[in-house]
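2 protein chains.
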Amino acid sequence: MPQDAKQPGSNHKTHRVVFQPAGRQGWVPDGITILEAARLLGVEIESICGGRQTCGKCRIIIEEGTFPKLGIRSSREHVTPVTDRERRYAERFGLDLEHGHRLSCAARVQGDLLITVPEESQARKQVIRKAAREMSIKVDPAVRLCYIELERPTLEHPRGEWERAQEELATRFGLDNLTIDITALRDLQAALRKGQRGITCTIWQEREVIRVQPGYHEEAYGLAVDVGTTTVAAYLCDLLSGEVIASEAIMNPQVTYGEDLMSRVSFAMSEVEGLDRMHRAIIEGLNDVADRAARSAGITRQEITDLVLVGNTVMHHVLLGIDPRELGGMPFPAAVHGPLDYKARDLGLSLAPGAMVHVLPIEAGYVGADNVGVILAEEPHKVPPDEIVLIIDVGTNGELLLGNSEHLLCCSSPTGPAFEGAQIVHGMRATPGAIERVRVDPETLEVRFRVIGESRWSDEWTEENPPAEKARGICGSGIIEAVAELFKAGVIDRTGRFVRDCPSPRYRREGNLASFVLAWPHETSTGQEIALHTDDVRAIQLAKAALYSSARILMRRRGVDHVDRVILAGAFGSYIDPEHAMTIGMLPDCDLEHVYAVGNAAGDGARIALLNRDKRLEAARVARQVEFVETAAEPDFQDQFVSAIYLPHMFDEFPHLEHILSKIPNLKAR
Amino acid sequence: MPQDAKQPGSNHKTHRVVFQPAGRQGWVPDGITILEAARLLGVEIESICGGRQTCGKCRIIIEEGTFPKLGIRSSREHVTPVTDRERRYAERFGLDLEHGHRLSCAARVQGDLLITVPEESQARKQVIRKAAREMSIKVDPAVRLCYIELERPTLEHPRGEWERAQEELATRFGLDNLTIDITALRDLQAALRKGQRGITCTIWQEREVIRVQPGYHEEAYGLAVDVGTTTVAAYLCDLLSGEVIASEAIMNPQVTYGEDLMSRVSFAMSEVEGLDRMHRAIIEGLNDVADRAARSAGITRQEITDLVLVGNTVMHHVLLGIDPRELGGMPFPAAVHGPLDYKARDLGLSLAPGAMVHVLPIEAGYVGADNVGVILAEEPHKVPPDEIVLIIDVGTNGELLLGNSEHLLCCSSPTGPAFEGAQIVHGMRATPGAIERVRVDPETLEVRFRVIGESRWSDEWTEENPPAEKARGICGSGIIEAVAELFKAGVIDRTGRFVRDCPSPRYRREGNLASFVLAWPHETSTGQEIALHTDDVRAIQLAKAALYSSARILMRRRGVDHVDRVILAGAFGSYIDPEHAMTIGMLPDCDLEHVYAVGNAAGDGARIALLNRDKRLEAARVARQVEFVETAAEPDFQDQFVSAIYLPHMFDEFPHLEHILSKIPNLKAR
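Top line first, the protein sequences correspond to chains A and B. Following the working numbering, the numbering of the first sequence begins with 10 at its first residue and continues without gaps. Following the working numbering, the numbering of the second sequence begins with 10 at its first residue and continues without gaps.
Think of the hints as simulated: they come from the structure by calculation, not from any bench. There could be a bad hint or two in this list.
Copies of the same chain look alike in the list, so a pair counts if it fits in one copy or across any two.
To be verified - Only pairs whose alpha carbons sit at most 25 Å apart, straight line, appear in this in silico SDA-like list of lysine to any residue: (1) 78 with 665; (2) 78 with 425; (3) 672 with 543; (4) 203 with 282; (5) 78 with 431; (6) 66 with 99; (7) 479 with 62; (8) 66 with 103.
My request is simple: use the sequences and hints to build the entire structure.
Structure follows, in C-alpha cells:
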C-alpha cells in the first residue's frame with residue numbers, strides 16, 4: 010500500500026476533522042493547529058495576529074460527544090491542553106474554557122474533532138443591512154490587517170526589514186509577491202522600533218502593504234461616498250465588523266459653479282482652469298466630509314485606508330480630474346467606463362497616506378457609478394425572469410433601470426431641478442419650513458399641509474401651540490402632492506391647466522395664468538402667501554414626463570407593457586408618496602403595494618463595495634451587461650414625451666389608480 | 010489524415026517562412042502579414058504603429074532565389090505587391106524597393122519566403138558600450154511606445170475611450186490587462202481629439218499606460234542617475250536607440266549637511282526635519298540634473314518617462330525619504346534590500362507626470378545600489394571559475410567585490426575623504442589647478458608635476474609660454490603619486506615617516522614633523538609653496554590600509570591568495586595610476602597589465618538597467634547572491650589593518666612590483 014501522509018493507516022498519524030456550520034471535513038496531520046487545519050480544508054477563520062494567540066479572533070468550540078451521522082467521536086481531550094495565554098486572556102477573548110472554547114491557533118489536533126466556528130470567528134461575517142429587502146453583506150473588504158513580529162536583524166543575516174516582513178507575511182498569511190507603498194516603507198523601521206519588532210500591516214487586495222503601524226491593532230476604517238450633483242453623502246465603516254460608525258452629508262461645493270450637470274460641464278469648458286477649480290472643490294469637499302465623519306466617530310481621517318466613490322458620470326470625471334467636456338455633446342463619450350483603483354493621494358485626498366480609492370464603473374452616457382451603486386444595493390440583475398422591476402433614481406438627473414436577471418436596460422432622464430424646488434415660484438430645498446405634504450379636500454377645496462420641522466398638520470396649529478416652523482416655501486415632494494391633490498379635486502385638469510372657474514377663495518386668475526394658495530400669510534414665516542402657479546405645474550409636468558417617457562421607452566425596448574415593482578431610489582425618492590407620484594403620472598401603472606422607496610441606494614451600493622471586494626467584481630460585470638438606451642435618440646421620444654405631459658397620461662391606462670381617477674370630475678371626457 | 014491549418018496539404022493554404030539572422034522557421038497561413046508571421050514564429054520585429062505602415066520601423070528584406078540548405082525557394086513574387094504607402098514613403102522609411110525591401114506589416118505571405126530582418130528592425134537592438142571590455146546591451150527598456158487609432162464613439166456603441174484603447178492595445182500589440190495611470194487617463198480624451206483619434210501610448214513593463222500623446226511619436230527618453238555622496242551623475246538616454254544623448258553631473262546638494270555618510274546620517278538623526286531637508290535637497294538636485302540633461306539634449310524633463318537610480322545605501326534611503334538612522338549603528342539594518350518601482354512623482358520628482366522610477370537593489374550594510382550597478386556593468390558574476398576578479402569602487406566610501414561566477418563576496422570600506430583631497434594640508438578636489446600627476450627624480454629628488462587644465466608638465470612651463478593653470482593644491486591622484494614617488498625615492502620610509510636626513514632643499518623638518526615641497530611659490534597661483542606633510546602621508550596610509558585590508562579579508566574568506574584582475578571603478582579610479590596605487594599598497598599584488606579603470610561603472614550599470622529590463626531582474630538576482638562580509642566584525646580586522654598601514658605592506662609580497670621595490674634603498678631592511 011502506497012504511503013500517504015493524509016490517509017489513516019499510513020506511517021504519519023492523521024485525524025478526521027469536521028468544521029461546522031461550513032460542513033467541510035477531511036483528514037489532517039497530527040499536531041497541527043486547528044487554524045492550520047481549517048486552512049487546509051478551506052474553512053476561513055478570522056485571524057489578525059497570524060496564529061500568535063494575540064488577537065483572540067479565531068475562537069472556536071470543540072464539540073464533545075459521538076456524532077453518528079458524521080461517524081465521528083469528538084472530544085476536548087483530542088486537542089492539546091489550554092495554554093497559559095488562553096487562560097490569562099480568556100475573559101478578554103470571550104473564551105468559555107468550561108464549554109470547549111479555544112483559540113484555533115493554540116489548540117493542536119490530536120484526535121478526531123467536530124469543531125464549531127461561531128459567526129464572529131468566520132472570516133467573512135454577515136452583516137444585515139436595513140433596506141427595502143433585508144440583505145446581508147459578507148464582510149470581506151479590500152483591506153485587511155495582518156500582525157507580524159520580525160526577528161531582530163543581525164550581522165550574520167543582513168536582510169532588508171521589508172524583505173523580512175515580506176517573508177513573514179507569506180509564511181503566516183499566505184500572501185505572496187506583496188509590494189509596499191512608499192509611505193508605508195518610510196514608516197517601517199520606526200514602527201518596528203516602536204512596536205518592539207511587532208507591527209500591524211494594512212494590506213490592500215492581497216497585493217500591497219499600504220500602511221504599517223507599530224504594535225498590534227485591530228481597527229480598520231473605510232469610507233463610502235456618494236458624490237451627488239447637489240449632495241455628498243459619506244458613510245464611515247468599521248471594516249472589521251462592517252458597521253457604519255458615522256454618516257455625514259454636505260452640499261457638493263461645486264454647486265457654486267452651477268446647479269445642474271450641464272452648467273458644470275460648461276463651466277469646465279468655458280472658465281479659466283474651470284476643471285481644476287471644480288476638481289479641487291469636490292476634493293476639498295471629500296476631505297471635509299471624511300474629516301467630519303472621522304471626528305464624529307472619534308478617529309482621524311488619517312486612519313481611513315480605503316475609500317469607495319460613486320457618482321454620476323460628470324461627477325465621476327470631475328472628481329478624477331478628467332475634463333467632462335466630451336460628455337457635453339452627442340454621443341457623450343466617457344473617458345473611462347470600467348472600475349478604477351488609484352492611490353487616494355493621487356486624487357489629492359488626504360486620508361491615510363497609502364489609502365486606496367476604488368471608483369465604481371459607470372454604465373454609459375449619464376448613467377454613472379451612482380447607478381451601479383444602485384444595482385449593487387437593489388440587485389435588479391438577480392430579479393427572477395418572470396418579474397419586471399423598474400428602478401428610478403430621482404435626482405437632478407434621473408436614472409432608470411428596467412428588467413431582471415435576463416436582461417437589464419438603463420437610461421438617463423434629464424428631469425431638471427424642478428423636483429428639487431428650483432424653477433418653482435415658491436420652491437425651496439427640503440430644509441426646515443418647506444411644505445412637504447399637502448392635502449386638498451375635494452369638497453371644500455380646503456388645504457392642510459405639513460412642513461419639515463413640525464410634525465403636526467397645519468390645521469392642528471393653534472395660537473397656544475404654534476408650530477416649530479411656519480411655512481417658508483414648498484419642496485419637491487410638496488409640489489408633487491399639491492399638483493396631485495389639485496388634480497384629484499378637479500382644480501387642475503388633465504392638461505395641467507387650472508380650470509376656468511373655481512369657487513375657492515384660494516383660487517386666483519389673471520388672464521391665462523392662475524394660482525392656488527396653499528398657505529395663508531399667517532401660516533408662513535414671511536407673512537406672504539405661498540401658492541402653486543400655472544408655471545409651477547408646467548415645470549412639474551415636464552419633469553415627470555421626462556421620467557415617464559423614459560420608463561415607457563425602456564419598457565418598449567424590453568418588450569413589456571407593465572412593471573411588477575417600482576423602486577424609488579435617491580434620498581428624494583423617500584419623501585415622495587407613491588400614490589401621488591403615480592397620480593400625476595410620474596411612474597407607470599403598478600400595484601401601489603409594490604412601489605417603495607429605498608433611500609440613498611447609490612450610497613448603499615458604495616458601502617457594499619467597500620465591505621466586500623467580490624461585489625466590486627460583480628459591479629464591473631453587471632455594469633458591462635446593462636444595455637444603455639439613449640432615449641433622446643429613439644424615434645418616438647418626442648411623441649412619448651408629449652403624451653406624458655398629460656395628467657396622468659394622454660393615453661396610458663392606470664388600472665391601479667382606478668379608485669382615484671374614477672372620482673375625478675370630467676376626467677374621462679377625452 | 011487529420012486536418013491541420015498549420016500543415017501543408019490541409020485545406021487551409023500555408024507557406025514555409027524562414028527568418029534570418031534569428032534562424033526561426035515554420036509554416037504560416039496564407040495571407041497574413043510578415044509582421045504577423047514573425048510574431049507567430051517568435052521573431053521580434055520593431056513596430057510602433059502596430060502594423061499601420063506608419064512608422065516604417067518594421068522594414069525587412071525578401072531574399073530572392075533557391076536556398077538548398079534551407080530547402081526553400083524564396084521570391085519577391087511570394088508576397089503581395091508594394092503598397093501605395095510603401096512607395097510614397099520609401100525614401101523616408103529607407104526602403105530600397107528594388108532590392109526586396111518591404112514593410113513587414115504591408116507585405117502579406119503568398120508563398121515560401123526567406124526573410125532577413127536587418128539589425129535596426131530587430132526589436133531588441135544591440136548597442137555597443139565603450140568600457141574596459143566591449144560590451145553590448147540589448148535595447149529592451151521598461152517603457153515602450155504603441156501608436157493606436159481608435160474608432161469614433163457612437164451612440165450605438167457607448168464605451169469608454171480607455172476601454173476602446175485597451176482593446177486596441179490588446180489586439181494590435183498583445184498587451185492584455187493594461188491599467189492606466191491617472192495622469193494619462195486625464196490626457197486621453199484631449200489627445201484623441203488633437204490627434205484625430207490617433208494617439209501614442211507609453212507603456213511601462215507591459216502593465217500600465219503612463220503617458221498618452223496626440224498623434225504619432227517615436228521618441229522616448231529615460232534617465233540613469235548615480236547618486237554619489239559627493240557627485241550626482243546623470244545620463245539621458247534615447248530609449249529607442251539606446252544612445253546617451255546628454256550627460257550631466259552636479260554636486261550632491263546634501264554636501265551642505267555633511268561631507269561623508271556618517272555625518273549625513275547624524276544630520277538626519279539630530280536636526281529638526283533633518284531627513285526631510287536632505288530628502289528635499291537630493292530630489293531638487295535630481296530635478297535640476299534632469300532639467301540640465303534634458304535642455305542640453307533639446308527636450309524638456311517632462312518628456313522623461315523612465316528613471317533608474319543607484320546610490321549607496323544611505324543615499325538610497327534618503328532619496329526614497331526613508332530615515333537612514335538605523336544604518337548608523339550595528340548591525341546596520343536597511344529598510345529594504347530589493348529593487349523598487351515607484352511613480353517618480355511619489356518621490357517628488359517632476360518628470361513626465363506618469364514617469365516611473367526603478368531603484369536598483371542594495372546588497373547589504375553600506376554596499377548599496379551603486380555597487381549593484383557596478384555588477385551590472387562589470388559582470389563579475391560571469392567571470393569564469395578559474396579567474397578571481399577584484400573590483401574596487403573608490404569613493405568617500407569604498408566598496409569591494411571579489412570572486413567570480415561561482416561565488417562573489419562584497420564589503421564596504423570606510424576610506425574617508427582623503428582620496429578626495431580632504432584632510433590633506435594642501436588638498437583640494439579634482440578641479441582645474443589641482444596637481445594630479447607627480448614625478449620625483451630618485452637621484453636629484455627634483456619634482457615635476459602636472460595640473461588639471463594644463464597638458465604640459467611643470468618643467469616645461471616657461472615665462473614665454475606660461476601654463477593655463479598654475480598649481481592651486483593637490484588632488485587625490487596627485488597625493489597618491491607624491492607618496493609613491495617619495496617612497497620610491499627613499500624620502501619616505503615604509504612606515505610612512507619622512508627619513509631623518511634628506512639633502513633636498515625641498516625637505517623641511519620641525520621636530521617629528523617633516524614636509525616636502527612639490528611646487529615652489531612661482532609655480533602656484535597663490536604664490537605659496539605646496540608641500541606634502543607627514544600628516545598627509547598618514548591620512549593616505551589609513552585610507553589605503555582600509556581598502557587593502559578589506560580586500561585581504563575578502564580574499565581570505567574566498568580562500569584565495571591572489572587576484573587575477575583588479576578593476577578600479579568610480580570616476581576617481583580613472584585618474585589613479587595603477588602602478589603608483591599598488592606601490593603604496595592600495596591594491597593587492599596583481600599583474601599591472603590586468604589592473605584597469607572603468608570610470609563610473611555604477612552609472613553604467615544604471616544605464617544598462619534603464620535600457621534593458623531583463624537586466625533589472627538579473628541585478629535583483631545577483632544582489633541576493635553576493636555574500637556580504639562585515640569586515641569590521643572579522644576577528645583579525647585590526648591586525649590586517651595595522652599591517653596594511655605600511656608601504657606597501659608589513660608582510661605581504663608584491664612580486665609584480667619587484668622592478669620598483671628592488672630599487673628602493675633600505676627597503677628590505679625589515
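Original post:
Going through the earlier hints one by one, which of them does the structure break, listed in rising order?
Top reply: Hints 1, 2, 5, 7 contradicted; others consistent.
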